[in-house]
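Chemist: Listed here are the chains, written in short residue letters.
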Amino acid sequence: MSRKAAMGGARQPVGGATTTTTTTSTISTEDMCPVCKTIRYLNKDMEFLINPECYHSMCSNCVNRLFNDGPNQCPYAGCNKTLRRKGFRSAFFGDLGVEREVDIRRRVAAVFNQGEDDFETTTDYNNYLQMVEDLTFDLVFGTDRKRQEAEATLQRWEAEHTAQIEQNRRQGREADEMARRRLRAEKDAARLRRIEAVREAEEEKRERALTREAELDSIAQAPEGQGSSRVQLKRRGLAAAAGVNSAAPVATAAATDVGKLSIRGLKEKKKAVVHEGPYDPFGGLDFTPSRYRLGPDLKHQRIEDLRATMRYNPGGFRFEDWTAQLMFEAFAGLGVFVEDEKEVGIGLEAGRVASIGAGIAAVGDRMELD
Amino acid sequence: MAAEDARYRQSSQYRLWSFSPVELATLREKSNALAKASISERMLSSNASRPASGANTPDGDATPTLPEFLTPTEEALLVTFYTSEVLRAGNHAGYRDAIKATAAVFFRRFYVTNSIMTYPPNDMVLVTLFLANKAEANFVNIGEFANKFGKKNAESILAGEFLLCQALRFAFDVKHPFRALKGAVMALRRIGGIDDKRINAAEHRAHEILCFSPLMTDAYFHYTPSQIMLAALSLADRGLVEQLIADTFHHVSPPGTSGPGTPMETGDAPPPPRRDTKSEDKATIIGAWIRDKVLGTIEACRDMLSKELPEERREHWASQDVFAAELKPLRKKLNKCRDPDRSNLLELHRRRREQARIKAETEDDDAEDRGAALADDGAVFGDAGPRDTKRRKVGKGLEDPFGGPL
Amino acid sequence: MNENEKRKYIKGRKLGEGTYANVYLGQLRTDPAVLVAIKKMKVQREQDGIAYDAVRELKFLQELHHPNIVELLSVFNSKDQNLNLVLEYLPLGDLESLIRDTDRVRYGAADIKAWMGMLTRAVWFCHDNFVLHRDIKPNNLLIAADGEVKLADFGLARSFADPGVNMTHMVITRWYRPPELLFGCRSYSGAVDVWSVGLVFAELIIRTPFLPGNSEVDQINRICQAIGTPTEDNWPGVSSLRSYAVPAEVYPVPDKKAWMDRFGGVGAEGVDLLCKTLVLDPNKRITAREMLEHRWWRTDPKPTRKEDLPRSKDDGAKKMGADLGRRPGAVEDENRGSKVARRLDFGAK
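Protein chains in written order, with our numbering: chain A, 1 to 370; chain B, 1001 to 1406; chain C, 2001 to 2349.
If you're looking for bench data, these hints aren't it; they were derived computationally from the structure. Just so it is clear, CB atoms sit at the ideal spot from N, CA and C, and this is done for glycine as well. Be aware that a few hints might be false.
[What the hints assert, rightly or not] Residues on chain C that point at chain B, a partial pick, calculated with CB under 10 Å:
{"#": "1", "residue": "N2129"}
{"#": "2", "residue": "V2165"}
{"#": "3", "residue": "M2167"}
Could you put the whole structure together from the sequences, leaning on the hints where they help?
Modeler: Here's what the structure looks like:
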């Protein structure tokens, strides 16, 4: 994106960048490249580029001329930074100081990307934010020495916590995705509700007509008046069904603390764990028998006889399966004590069970007890 | 908790059809009482609604007094006798052990929640056998089935089928001890040092017992198949079971944790929790305390089975003398006090289906359930108002024995 | 008791209709938010009394309790001797409609892995309880509200048979039927289910049935061409099966590369697992338990969480006949959300 904005000489960026003060030339810096002194009148599409090494601005012609053949020194007087062609880009902000600060902040944020959920208390989070801000301030506005220290801290932090940083980055991306999905789902839900409402209104009209007929019918038989209550329940049921469909479960990246993390200058901090544990194909079930062991040393005459008669077993019948079944049935329920476990009242109620027979006999006879 | 025990507890046999002896007795009493009450009603009102019309011969009653009803004990005796009939029929037809056993269990279960006075046991014998075939994945054609037993009318068997399903609460999976026996034999062989011949003999004898004794008692309600199997094996050869148990329950708790004087020896509560959880788990599964409890249970089951050992009891139940002395009077009694409306399963079945057919023709499915829940309770017996005799609407439903389209 | 059970549920609208059963939406009377499906079965259809598949369905659903197997909550009967099975409500349709909806539903390797995990677990659970399902196909894999896949329809199931007891070979829908059944074998094992699972796996990957034979002969042909002709070399004893018949041309078992070309989307490990399920000789075929121990589950990508799995764009209940009255053009609105202006984020790179 080419920058046509003013170069904003209002604020003087301190430290690390020295600008050449423009002379009392009537031509503003926007229209003249300080290096080659070309003016816009001569080069209509003049574009200014900067290099984040020193944030010195020059026109693209100069950049090409000076750096196309390899790295070179920055042409600004007093700046002896070695620049490369690929480092150059156009600045987003007119004020280069702002541009520089934004770049620094971006870099810091990429490294210190913990979210509020990663901390136990808000105070801890605030402390963390303070620390980061201090560091940033040092990087942007500090003296040379301060800056170097801060830079060193940043590097060291990044090296130590690459994994965690990557994780947080991913989390951030996921959270975005979740938010997007949530939005979409809410839209869908709203739309569905609208449709449902319309349809329900129509249904109601139809139902009313039907129930009127049904009531007329039921008067002829048993005047129970169940018709209308049924309709209401039906609608409730439908509403419940729609509710089931439209709810969109959103799982935000859960932050469970697993281990503490100690960093320089910081108090307690909790680590976010994204993993739910490895996938268990058995779904947590384990049917390893407790009282016996399966093995090839289990023998039965019947099996031996059968095996002797079968030369091949093309159907795939598995004697191991049968052996497993025999052993299972021999021991399953050995430790189950029915009398103890089935007291009257627990499990099948004696009274209710007895009325199974009565209930069946009662079918067709109003006088039976149930 | 042992994995295999936990899995057994999931079965319908455990959840729905296992009871404590007290529970079972209560259930039977309730069924008995309910039957008495309803039959009395029916008899009284059926007598009342039929005005004294000379040569009227109501069901077994010349006077408006009620007959003598069967006591629960007498019912139990009849049920046991008829169970042996089920087995006899199964043997006659040459069905597998599992099918015969399932039929017997179905039969017993049916008469826990129904009284023998309500539904005639004669008919139910074949019904249970028929359903047992289906439950055990054996395809039977109803015509062939009926032929096997010299019954020309297959419908009478089908008539009771749905009734049986309901009474069973649709739990068709019955777990038997036959495979368990083979498993025990494998485990014994693996221990080593036991004479093969001894094991084979014990297996043979135990199998014989399992085909008869548990089915003729309430064993299936109070014990698990594993325990029943070991009880039978114990009857065949006590020493083998002792060895097997000792081999299985081999865990010895670390010293200082369990001793002879501790309260748990009373056997009421599991051992108190210990610090060493792994050892604690093992102790509850294969430790000394549980071993003793298991042995006690097997012993109790053994006692129950020993009352109905095959050699003696088969003869007992088949003998004509016994029949004449014990069972015939009960049968007579039963005939006098049975439920007049339900003694003929076939009629009952046809009437119900006819009613269903009428329902299907006049209304749609939903309407049937909607308002009419209580309306047609009496419709099966052909009344729209207060109770009426059954005689009225019988004529209608006899054209299509298998009912019309639904 | 029956009346008590019946009164627990309120029957609502019809969800679907079939030859032998109607399905209704139902609610728990005590908590109308809890939804159930009430399957009303006409049980006395044939001459032989209660239908066999009704017996089987009831028998096994009462015994098998697992998160990946559809749950039977209750049974009661209505006066006309129709059986009502109260099942858990699975509103999101079945896996088949998800696979076939290539226009609107997209899924990747992680999703396939998640679904396969659920299916394999269900089959392993059945086999561990010594039950053969014998009708595994995407149509019978229903999806619950939370995304969990559940195995349904036990109408053809049976317990493992003792050796020497014959079973029928006419089970499993043709496209998913293993060669030993096509050759008329009467004594088999859980390997028949594993073959079906393998074919469901393949179908998930290529999004069309892998071997859609239009007759049993055609089915055998397709198996031969795609997986290799069964011979005494690769399957000792096969020629002794009573209906053994293969086309004259002997196709070889394809090499790994051919599989990778077609099914490589799930990675080398996935293809390895697939191949192991589609081994001709049932003795050499992988078992359900071994499937769960395979490396594939531990390699990347990790299986998607069930809440995040793709869902059918149709209303699942619609599949069974009901219509929620959604506008036909509703689908386009789905993408509007993505055009929301991006938040400015200085921290992001």
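Chemist: Hints first: check each against the structure and report whether it holds.
Modeler: Checked hints:
Evaluation of the N2129/C hint against chain B yields a held restraint, the C-beta minimum of about 8 Å falling below 10 Å. Because the beta carbon of V2165/C sits about 8 Å from the nearest beta carbon in chain B, less than 10 Å, this interface hint is met. A least Cβ separation of about 8 Å between M2167/C and chain B falls short of the 10 Å threshold, and the interface hint therefore holds.
When held up to the earlier numbered hints, the structure conflicts with none and fits them all.
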